[in-house]
Every structure is written in structure tokens, then in C-alpha cells.
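Engineer: Given chain X, put chain Y in place with the hints provided.
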Amino acid sequence: MNEDLDIGLPPEMMGILSAGIGGSNPIMAATNALNTGGGFFSDIFGSLGDIASAVSPAIPAIAGSLLTSEAYDRLSDIGEQSILGTTVGGVRVPGAMEIAERGQAESQFRPFTVTTGTGGQFGTRVTPTGEIATTMMTSPQEQALQQQLFGGAGQFFGQAQAPTTTREQQIFERMRAAQRPEEERQRLALEERLAAQGRLGTSSAAYGGATPEQLAMATAQEEARTRSMLGAMQQAQAEQAQQAALGQQLLGASYLPQAQLLAATQPAQRMAELQQQAQLFGTGLFGETAMSGLESRMLLEQARANLLGGIGSNILAGMFTPQVTQSGTVLDPGGFGNIGEIIEGVGSGLGGLFGSIFGDD
Amino acid sequence: MAQELKSINLVAPAFKGVNTEDSPLAQDPSFAEIADNAVIDKRGRIAARKGHTVVTTNKTVLGTDSLRAIKEFKDNAGNTKIFSVGNNKIISGTTTLVDETPGSYTITADNWKLVTFNDKIYFFQRGYQPLVYDNAGGSVITLSSVSGAAGVTSAMYGNEVLAAYGRLWTADFSSNKSTIYWSDLLIGHDWSGGTSGSIDISKVWPDGYDEIVALAAHNGLLIIFGKHSIVAYQGAEAPATMTLSDTVSGVGCVDRDTVQYTGTDVLFLSHTGLKSFGRTIQEKSMPISSLSGNITKDIIAALQNETQFFRSVYSPEEGFYLLTFTGQDVTYCFDVRGTLENGSYRVTRWPSTKFTSYTRLEDGTLHVGTINGISTYTGYSDNGSGYRFKYYSPSLTFGDSARIKILKKLKPTLVGANNSVVFMKWAYDFDTTYATTEFTVGTQITGFYGESEYTTVEFTGGQLTNQRSLNTTGYGTSVQVGLESEIDGSPLSLQEINVMALIGKLL
Numbered sequence: 000m001n002e003d004l005d006i007g008l009p010p011e012m013m014g015i016l017s018a019g020i021g022g023s024n025p026i027m028a029a030t031n032a033l034n035t036g037g038g039f040f041s042d043i044f045g046s047l048g049d050i051a052s053a054v055s056p057a058i059p060a061i062a063g064s065l066l067t068s069e070a071y072d073r074l075s076d077i078g079e080q081s082i083l084g085t086t087v088g089g090v091r092v093p094g095a096m097e098i099a100e101r102g103q104a105e106s107q108f109r110p111f112t113v114t115t116g117t118g119g120q121f122g123t124r125v126t127p128t129g130e131i132a133t134t135m136m137t138s139p140q141e142q143a144l145q146q147q148l149f150g151g152a153g154q155f156f157g158q159a160q161a162p163t164t165t166r167e168q169q170i171f172e173r174m175r176a177a178q179r180p181e182e183e184r185q186r187l188a189l190e191e192r193l194a195a196q197g198r199l200g201t202s203s204a205a206y207g208g209a210t211p212e213q214l215a216m217a218t219a220q221e222e223a224r225t226r227s228m229l230g231a232m233q234q235a236q237a238e239q240a241q242q243a244a245l246g247q248q249l250l251g252a253s254y255l256p257q258a259q260l261l262a263a264t265q266p267a268q269r270m271a272e273l274q275q276q277a278q279l280f281g282t283g284l285f286g287e288t289a290m291s292g293l294e295s296r297m298l299l300e301q302a303r304a305n306l307l308g309g310i311g312s313n314i315l316a317g318m319f320t321p322q323v324t325q326s327g328t329v330l331d332p333g334g335f336g337n338i339g340e341i342i343e344g345v346g347s348g349l350g351g352l353f354g355s356i357f358g359d360d
Numbered sequence: 000m001a002q003e004l005k006s007i008n009l010v011a012p013a014f015k016g017v018n019t020e021d022s023p024l025a026q027d028p029s030f031a032e033i034a035d036n037a038v039i040d041k042r043g044r045i046a047a048r049k050g051h052t053v054v055t056t057n058k059t060v061l062g063t064d065s066l067r068a069i070k071e072f073k074d075n076a077g078n079t080k081i082f083s084v085g086n087n088k089i090i091s092g093t094t095t096l097v098d099e100t101p102g103s104y105t106i107t108a109d110n111w112k113l114v115t116f117n118d119k120i121y122f123f124q125r126g127y128q129p130l131v132y133d134n135a136g137g138s139v140i141t142l143s144s145v146s147g148a149a150g151v152t153s154a155m156y157g158n159e160v161l162a163a164y165g166r167l168w169t170a171d172f173s174s175n176k177s178t179i180y181w182s183d184l185l186i187g188h189d190w191s192g193g194t195s196g197s198i199d200i201s202k203v204w205p206d207g208y209d210e211i212v213a214l215a216a217h218n219g220l221l222i223i224f225g226k227h228s229i230v231a232y233q234g235a236e237a238p239a240t241m242t243l244s245d246t247v248s249g250v251g252c253v254d255r256d257t258v259q260y261t262g263t264d265v266l267f268l269s270h271t272g273l274k275s276f277g278r279t280i281q282e283k284s285m286p287i288s289s290l291s292g293n294i295t296k297d298i299i300a301a302l303q304n305e306t307q308f309f310r311s312v313y314s315p316e317e318g319f320y321l322l323t324f325t326g327q328d329v330t331y332c333f334d335v336r337g338t339l340e341n342g343s344y345r346v347t348r349w350p351s352t353k354f355t356s357y358t359r360l361e362d363g364t365l366h367v368g369t370i371n372g373i374s375t376y377t378g379y380s381d382n383g384s385g386y387r388f389k390y391y392s393p394s395l396t397f398g399d400s401a402r403i404k405i406l407k408k409l410k411p412t413l414v415g416a417n418n419s420v421v422f423m424k425w426a427y428d429f430d431t432t433y434a435t436t437e438f439t440v441g442t443q444i445t446g447f448y449g450e451s452e453y454t455t456v457e458f459t460g461g462q463l464t465n466q467r468s469l470n471t472t473g474y475g476t477s478v479q480v481g482l483e484s485e486i487d488g489s490p491l492s493l494q495e496i497n498v499m500a501l502i503g504k505l506l
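For the record, the sequence lines run as chains X and Y. If you're matching positions, the first sequence starts at 0 in numbering that gives the first Met the number 0 and goes up one per residue. If you're matching positions, the second sequence starts at 0 in numbering that gives the first Met the number 0 and goes up one per residue.
These aren't lab readings, by the way, just hints derived from the structure by calculation. Note that the Cβ used here is the ideal one computed from N, Cα and C, for glycine as well. Accuracy of the hints is not assured; some may be wrong.
Below 25 Å or equal to it, Euclidean Cα-Cα: the simulated DMTMM-like pairs (lysine to aspartate or glutamate) are [stated by the list, open to error]:
id, chain 1, residue 1, chain 2, residue 2
1, Y, K407, Y, D430
2, Y, K202, X, E182
3, Y, K73, Y, D98
4, Y, K296, Y, E32
5, Y, K202, X, E191
6, Y, K176, X, E190
7, Y, K202, X, E190
8, Y, K504, Y, D428
9, Y, K202, X, E183
10, Y, K202, X, E212
11, Y, K176, X, E191
Partner residues aside, some chain X positions facing chain Y, computed with beta carbon under 8 Å [stated by the list, open to error]:
id, residue
12, A194
13, Q196
14, T201
15, S203
16, A204
17, Y206
18, P211
Computed far set for chain X versus chain Y, every beta-carbon distance over 10 Å [unchecked claim]:
id, residue
19, L199
20, M216
21, G308
22, N313
Only chain X is shown next, with the shape it has when bound in the complex (with noise of 0.2 Å):
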């Protein structure tokens, strides 16, 4: 091999253009092989002696043809590398995709779980389907307290939605209980003063059928019941707000649980996210690392392939300039010659290759 025109081509194709460049044909020295062997090898050889003959002046166009589309391949190569990855030097060089799925996998979530002091744990795991679930557990210490206070809070607001009728009525009737020990008293002074002075009897139209004392003392109490009746509604409608308010902190108790249990995860989450950040930064420094060795080899294989393509280009730029003498005399035309011998000869190998092989003989 040339060490000149080393340029990664494999040995056969180096043997073709060897034998462009410096005129030893291989093809044709095979052909020749074979035609001395006679029988059916040699009318084979014969015939392919034949093709190589009537074909040796465009092998010139075949090698730089045969170099471009190395260059071509050896890029499409490079690309199909880059994204599926290859082998240097007994290595495995990954490809993008598989830098980019490593990448992946390796800034994948990574679950962990929490577990405090008071025996409740956190956890993070990954669904099948991808997405990141979480399960908190309190401890079951914390659990029943969390039940009674959520039994307590659910206690509370169905106490303050519930209509306050009916606790009106209850603390009317407990207030009016406490005023009419007193009311009756004064009503039996009142009768007692009436029936002295001769007026139990006494009804009087501009005084609702009863004496002036009587209306005022009617009209009192009935301003204490009415008074009664108003702190009633409003002492219901506080204790609704209370139970409301009463309800929200037992339910806000309820949840104190499982605040300080996620209270407790955040310096855990924070680890997390520290590790998750070292991942990620060791995924994009590895993914760029790889990447730039991948980016280096493309161009060193593209720069190779390009060299390739420029010599095929070169060879056949050589073929297609006819040769002069000084005197002007032109010794070749360039190009192919007779294109009509070249295809008759092709034509003839082929037929004689043809009848070796499918021939009566």
C-alpha cells in the first residue's frame, strides 16, 4: 500500500486506484489469471478479460468515481455515527441519541422519602406513566389526632351551617327562663296593688284591655322578650361564628400533622434538589464532554471525506484533460476515447460472460 495515498480506503479499493494511478490493472491481471486456467473459469475470465479491456481507459473515471462516492459514504457514515454512536480504538463512542438518552436517564427524578421524628413519612416515587407522586403517612399517634380533630372540625362546621332556629329558641327559652321568676313576681306585686286598689278588674281600651300599669308592665316585658328574642339571634349567630371559627382552627389543627410532616421534608427536599442539581450537572458536563468528542470526530471524518472526495475529484478532473505536447501534438484527448469500442467491448465481454454462464456448453 501507498502510505501516500493512505487515506482509509480499503485495500482492494487501494488496488483499483493503485492501478489507475500507475497502470497495473488488477482486474485485468485477474482476468488474465483466469484466462489461462481454461474451461469454463477461463471463458469466463475470458469474457470478463474482455470487459476489462474494453473498459481499462475509463478506470481512471471509476476510481475518482469510486472515491466520491467514498467521501459520500464516509459522511453519510460520520452522520449516522454521530447520531448512533461507534468504536474507536476498541471504545464504545456513544451517539447523540444514546448521550441524549444517558443524559435522560440520568437526570431522571430519583425518588426519597422522609421519615420524622414522630414516625411520619414522606416518599417520592416515579408512576409508570412518568409523572412524579408523592405519599405522605403520618404516624398513627398523629393519624387519631388528626381524625379527632377532623371529627371535631367537621363537628363544628355542621354545627355553624346547621339554621339557627332552633339555638335561638333554646337560648330565648333559657333566657326567658331566668326572667320569668322576676316577671312574675312583679306581676303578682302588680296584682297584688290592683286587687288593693280595687282595679283587677279594670280593662280600658286606650290601654289594650288592661290597666296603664298593666300595659307598662306588658309592654316591658314584652320589650325584655323582644330583647330576649334579638340577644337570642345574635348569641346564635355568635356561637355560629364561633363554632365556624372553632371548626377552622381544628381543622387547621388537623393539618399540623402533615405540615410539620412536609416542614420536615424540606431540608431533605433541599438535599434532593442539591443531588438532582449534581446530577443534572454531571448529565450535561458528560453530554457535553461526549459531545465534543463526537463533534471532533465528525470533523476530522468529514475533513478525511472531504480529502477522499477531492482526490476522486482530482482524478477525474486528470481523466477529462487531454494531453498536449509542446508542439501541441495531443497525445491523449481525455475523456473516454471511443465511447462505441468501450461499449462494444463491454458489450461483447458481457455476452461471452453471459453465454459461459448460461451457454449449452
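Structural biologist: Here is chain Y on its own, set in the frame of chain X:
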């Protein structure tokens, strides 16, 4: 030797009226055992009462019934009208009686009470819707038909009505005997609005239970008469706040029509006789004086026997309070000018007058209701008919009931009695068979100069006094002297009776 005649001079006999309560022997000769159709005249003598002159000339609407009540209506404009009731009708007028009964208003009883109030006259009777009349309307109508009437229900169809303190008050209902209703202020037809009202005094009666009979207003008090007790309220000007002032148990009122105001007192008939409220503003208690203490048993008997109405009237002009038991046709005349030592009024009796109702007009005229319609208490004959004046002394013992008295002479001194026949009577030892002697009083008409002078009448300078000396017979330990005379046109007063007796041996 002839014994000296002993003279007992009965000066102003029966000056103290009738006394049937004390023992005749122990009685003051100033009392009378009988004093019929008599009054105590202005000089303190017993005298014949006045008669009545019928004013009514057309009493068709009255038929054969008597007037049961009379009332003069007078409003602030000076319109006057006499209303009366009888023959189940509301009647107006004096000379010609006019039926004023509202159409479609059926009356089956005549026990109405009539009161004037705020330019209207109201008629109340138990179980009947009250009636009302005013001059603007010009006719008697039911109370409920008055514009603005309210609360006029059967519950307030009372038998008693009182106009006092700016309201009408009514009580004594068919089924409620302890409640009093009062109307709105100055509105006699509003019984449910304004300041109208009621009071049930069933818990106030001092004896636990009683029934309201009559109402009276006196000295700032609302006096509620029960049958057996009396309740007085003060501050009735504002009924809703009036308070019990006093109660009296054991004394009540027999009938609403016996209650009369004398200006300083209220007279009423109780089951034990005529009573009055003393005016005791400064005293806490309310003493009740007995005004018929000299005829208590007679009054009680009359009360028990009465089957019809009680009628009464007070006449300050005549100075008497008349109390008539219409069913028994007897009237007691109480002289209200003063009381005796025992607190009783001097009383005389008017039997068979046929008086069934009275009213005193604003001018002092006393109207009397009879079967003949409306009469005026005047003159000395009952519508042209005479009536018998009687005086009988208590039994006289001349200071010694153990000795026989031989009555020798009676010397009555009479005032008036023009041409009257006078019967002098005497009896001994409580015998009811009287010996009688009579004499005729001469013409006692005062002659004036130039008129019947020296002809048919005696020459007199005023009312004549006639003194006679009459011989008597018989003897006994006690002597009762009497005088009777038919009063028919002329007054008669008994100035004195001088009894001449011979005191005999001891029995």
C-alpha cells in the same frame, strides 16, 4: 170637789213626723202615729201635702198604663223636651203625649232609666239596646245607629246608667252583675274605643259576692251600689286609674230608682231603710246614717211586699225626698231639711196617690207621672179630687200611765182648711175604734180690699187660723188623738192641739 183639768198642749203635733219604731207610750208627743198625705210645712207644722194637676190632655199613646219614668231633656242650645216611658213606649211631650219609639224596636217593659249627657238623652233598660235622642236628629234612635257608634253590644245593655265624669257608665246586665262599662270621654255611643273600658268588681265586693244595682257619682267618687254592699272608687275622672276608696258591707241599694242626689249627700233605699252617705272628706271611713229609723219596720215591710217599681224624687223646693212603692201605691215623704236626734228624717206617708214616676224640672217644678199622664205637683187636690189628710198622735199618758184620764176637750188650732170638714178623733188604751166629732172650717179665703169685701168672705189679713174647742167623751189610761180632713183645694196645717183631760184614780 171638782178636780182640775190637766192640759196637754200638743204644739206643732207630728213635728217630728211618723214614728212607728218606739213604744207609743214612751214617745215624744211631737211624733205621730199616723201622718198620711202630710208634709212638714215651712213652719215645722204638719200639713196636708200638695195635690197634682194633670197637664196632659191627650194620653192616647199611654192608654190605660201609667208613666213609669219622666225626664226633662235640655241641651246647651236651650232646647228642652220632656220624655217619659209607659205602655211599652218611649213618649215625649206633656200636654199631648207622642210616641217616640223607634220603628222596629219592640219594648215589653217600662223599667227605663233616662239620663242626659252631652246634649243627648239616653234610655237604658236591661236587655234592650240603649236609645238616644238629640235635638239635631229629632227622633229617638238606637245607640248603634248613631254615626261612629262602637262597642254597642248586648253585653252593655245595662239596667243602670250614670252620666258622670264626662262619660256614660252602665251596669247591671242580664248575665253580668259585677261589671261596669264606661264610654269614651264625652262620646256616649263609643263603648270600645278611645278611653272607654270596663271594670269587673267581682273580686272587690267586701262580702265576697254581690250584684250591682245602682251607680252614683258624688264628691269625686264613683259609688257602686250592690244589693248588700257599697264600693266607692276615687279618681273616676280617669277610670283606667281610679282606685278603690272605701267599701261598706251589709248595706246596699234596693233599686237604682231610689238613688237621689241632695247636693250634699246621696240618698238611697237599702234593705233596712233609707240611707245616705255622709260627707266625710277628711274621714277615712264612710258613715252611713239611717234616715228612716222611725219607720224602719214599715219600710222593710213595704220592700218585702213590693212587686213593681220603686220611684223616688228629691225636691229641694219642697224640701222632701219622695219614695214610692208603686205596687203598693204608697209613698213615703222624707223631710230633708233636717234630721232628728236619732239622725232620721221626719217622715210622713202618702197612701193611694197613684203616683208612678217623678221628675224635677230645671225650674224646680215637680212633675208627677200617673195614669193620666204628666201632672204638676201643685194645688191641693189630686186633679180635682180630694184626698184625706190624717194625723194621729201617739198614745198619750199625760205623764202618769197608772191613772185614768178622762178626756174633756180637744182644742185644735188649724191654719187654712178653707171650708173643710175636719174630723177630730180620739180613742183610749190603744183601741182602734175612734170616737169622732167634726166641725167645718169656715171660709178661709183671704179677702182683699175692693174684692168680695164684707160680702161673702170674712175680712182677713192673711191665712186664717181656726181654733175650735170640742167636747170629748170616755176615759182610759192612754189617749190617742187624731185629726182627719178631706183636702180638696185648700191647704191645711195643724198648728197645735190642746188636750184637756181630767186625771182620775189609780187603776
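Engineer: A separate judgement is required for each hint: does it hold in the structure or not?
Structural biologist: How the hints compare with the structure:
For the hint pairing K407 of chain Y with D430 of chain Y, the CA-to-CA distance comes to about 18 Å; that is within 25 Å, so the pair holds. Distance restraint check for K202 of chain Y and E182 of chain X: the Cα-Cα separation of roughly 23 Å lies within the 25 Å cut-off, and the hinted pair is therefore satisfied. Distance hint between K73 of chain Y and D98 of chain Y is fulfilled; the C-alpha atoms sit about 19 Å from each other, no more than 25 Å. The straight-line distance between the Cα atoms of K296 of chain Y and E32 of chain Y is roughly 13 Å, inside the 25 Å bound, and the hint therefore holds.
A C-alpha spacing of about 12 Å is found between K202 of chain Y and E191 of chain X, which places the hinted pair at or below 25 Å, so the restraint holds. Restraint check for K176 of chain Y and E190 of chain X: satisfied, since their Cα atoms lie roughly 22 Å apart, inside the 25 Å limit. Between K202 of chain Y and E190 of chain X, the direct Cα distance comes to roughly 12 Å. Compliance with the 25 Å bound is thereby established for this hinted pair. With a C-alpha separation of about 16 Å, the suggested pairing of K504 of chain Y with D428 of chain Y holds against the 25 Å cut-off.
This hinted pair checks out: K202 of chain Y and E183 of chain X have alpha carbons roughly 20 Å apart, not beyond 25 Å. Between K202 of chain Y and E212 of chain X the alpha-carbon distance is near 18 Å, which keeps this suggested pair within the 25 Å criterion. Under the criterion of a C-alpha separation no larger than 25 Å, the hint pairing K176 of chain Y with E191 of chain X is consistent with the structure, at around 23 Å. Checking A194 of chain X against chain Y: minimum C-beta separation of about 6 Å stays under 8 Å; hint holds.
Hint status for Q196 of chain X: holds, given a least beta-carbon distance of 4 Å to chain Y, under 8 Å. Because the smallest distance between the Cβ of T201 of chain X and any Cβ of chain Y comes to about 5 Å, under 8 Å, the interface hint for this residue holds. Residue-level restraint check for S203 of chain X holds (minimum Cβ-Cβ distance to chain Y is 4 Å; threshold 8 Å). A least Cβ separation of about 5 Å between A204 of chain X and chain Y falls short of the 8 Å threshold, and the interface hint therefore holds.
For the restraint placing Y206 of chain X at the interface with chain Y, the shortest Cβ-Cβ distance is roughly 6 Å, inside the 8 Å limit, so the hint holds. With a least beta-carbon distance of about 6 Å to chain Y, the hint placing P211 of chain X at the interface is held under the 8 Å criterion. The beta carbon of L199 of chain X sits about 5 Å from the closest Cβ of chain Y, which is not more than 10 Å, so the claim that it is off the interface is violated. The beta carbon of M216 of chain X is kept farther than 10 Å from every beta carbon of chain Y, the shortest such distance being approximately 14 Å.
Remark: the non-interface label on G308 of chain X is consistent with the geometry, its nearest Cβ contact in chain Y lying 128 Å away (cut-off 10 Å). Distance check on N313 of chain X: its Cβ is at least 137 Å (rounded) from any Cβ of chain Y, clearing the 10 Å threshold; non-interface status holds.
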